[in-house]
Amino acid sequence: MSSHVITPGPYRATKLWNEVTRLFRAGMPLKKHRQNFRHHTSCFTATAAVDWLHQLLCNNSNFGPDVTRQQTVQLLKKFLKNHVIETVKGRWGSEDLEDNNVLYRFPSSSTLKPIPCPSQVPGSAKKKLSLRDKDGFFKFRTIKKQEKDTQENVDPALQTEGDGTEHISQRRKLTVEDEHEIWKDITLTHLQRILGVASLDEVLDHRAVNPQNIIHNMTKVNKHGVVTLDDKTNDLPHWVLSAMKSLANWPKYDSAQPSYPGFERDVFKTVSDYFYSLPQPLLTYELYELFINVLGLLHPHCERVAIEALQLCTLLLPPTSRRKLQLLMRMMSRISQNVDMPHLHPAIGTRTLMVHTFSGCLLGSAEECDLDELLATRLVSFFMDHQQSILSVPEYLLSAIGDHIQYLRTTQVPVGLAGDAVREEEVCAPLPIYAFCRQISGAEFEQQKVESSQQAMEELLEILLTDQNISEKDRCKKLKRFQKQYPDIYSRRVPSTAQERKPKIKPPLLNIRKTKVFRN
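Plus 23 on top of the position in the sequence shown (first one is 1) and you've got the working numbering.
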């Protein structure tokens, strides 16, 4: 029994459901049990199923060790509801499941969920061309070449075409909509590269991406890196902020607040109740599929990539959601690390309580998903460990977008004498500072590395053979060393006849025979 890696792509939650179902059906031990004076073969108790499935989920990289036994029971209830399992009497659907010795079995046929084809998804065939999809938007040019071309374009002198038409250059005019499109397209292109998907259309509805949110989240932040809001009415209520500060700074809280045994638990419940009262999770319903796909990157060797992906995903959030997410994650992190904080739950550790309390108000789908709770737990746990990096502004992206906009503003666009601008594709494609490269395989990289190394050695050999500034003595010495190190390259460049013409060595004047030395 082995677990398949569920790579990022559309319907990842459904694929994970099918994978857990397959592993559970293939690996759950089946035994013969007796109940009510009857023997039942190939069945298992609910408690045995909870034990086995809980261990499976904790060891699975898609879910992790933060999965609790109670969450496993909830998943088994969904298995029973969706006819993945049934009672030994063949009942399922409306039946309830508890962590006890009631017997269950697998139905005769597997009940995997169907994955829709792209053609079955409404609107999947339609794709709005974005700025990066237009011809010539991203070109592979070096910065030196771009500067040279820019200087040529800036020249205000009249230029004469072959057909006798004269053109003069003028500065490119970028509209506000153009700049917004650039912010959106460069951010999404980065995200697509990190996720490694053919198109973000598979995991993200582009209509849900508002470029103004990206701009606000990256440019309007305070000295602590938290988003500031233009409209304060959308901010957290004062009483919620006060409660969160009390928990984050415990026991140094406002002396004007009441203090009694269990006060911190009541404050914690007040904060959690507020976040669960919001109309939708902080990561929003529209971005649910996107965050689910980022979960596929949460591996130890992909930690840096996952942080970068979550950085970009959270930039797509509305500023009000991002601000609330920042403040909540900071509070959760400080509470978890506060050794002076009293136990907020008699049986659960503080960190585990933070993760399981707020996972439901951070991630969730508009339609109930069977794995929502488990996936949210995994994501929130990673958020807590890396919240400072994830919710910071990526400076490299801010710099790239700023350079690109500045470049387009200074680029000259030829204009006809009649005042009509010549189409870009007829004259020159824009040459952005920021360029993206095609990802290649390891085999291609090794091949290119060998080819470039051989080319460099061939150029070195050519210099040794033709450079007039090298003395003949040094040339022979270096050629002999080169021939020893790279015989194949040397033989291809220097003909064999030339190699045979070796200088004659004069015989020694005296032929001294070697004598044996005897030792006593």
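FYI, nobody ran anything at the bench for these hints, they're computed from the structure.
Treat the hints with care, as some may be off.
No farther apart than 16 Å at their CA atoms in a straight line, the calculated lysine to aspartate or glutamate pairs in the EDC-like style are these [claimed, not checked]:
1) K104 to D89
2) K38 to D395
3) K104 to E121
4) K101 to E396
5) K268 to D258
6) K101 to D89
7) K507 to D490
8) K268 to D254
9) K104 to E391
10) K54 to D89
11) K243 to D228
12) K136 to D254
13) K101 to D122
14) K501 to E474
15) K503 to E485
Right, here's what the structure says about each hint:
1. K104 to D89: Not satisfied, since the Cα-Cα distance of roughly 24 Å exceeds 16 Å.
2. K38 to D395: 13 Å, holds
3. K104 to E121: 13 Å, holds
4. K101 to E396: 12 Å, holds
5. K268 to D258: 15 Å, holds
6. K101 to D89: 19 Å, violated
7. K507 to D490: 20 Å, violated
8. K268 to D254: 22 Å, violated
9. K104 to E391: Holds, at roughly 13 Å.
10. K54 to D89: Roughly 29 Å separates the two Cα atoms, so the pair is violated.
11. K243 to D228: Given pair K243, D228 is violated - Cα atoms ~25 Å apart, limit 16 Å.
12. K136 to D254: Violated, at roughly 44 Å.
13. K101 to D122: 14 Å, holds
14. K501 to E474: This hinted pair is violated, its Cα atoms lying about 23 Å apart.
15. K503 to E485: 14 Å, holds
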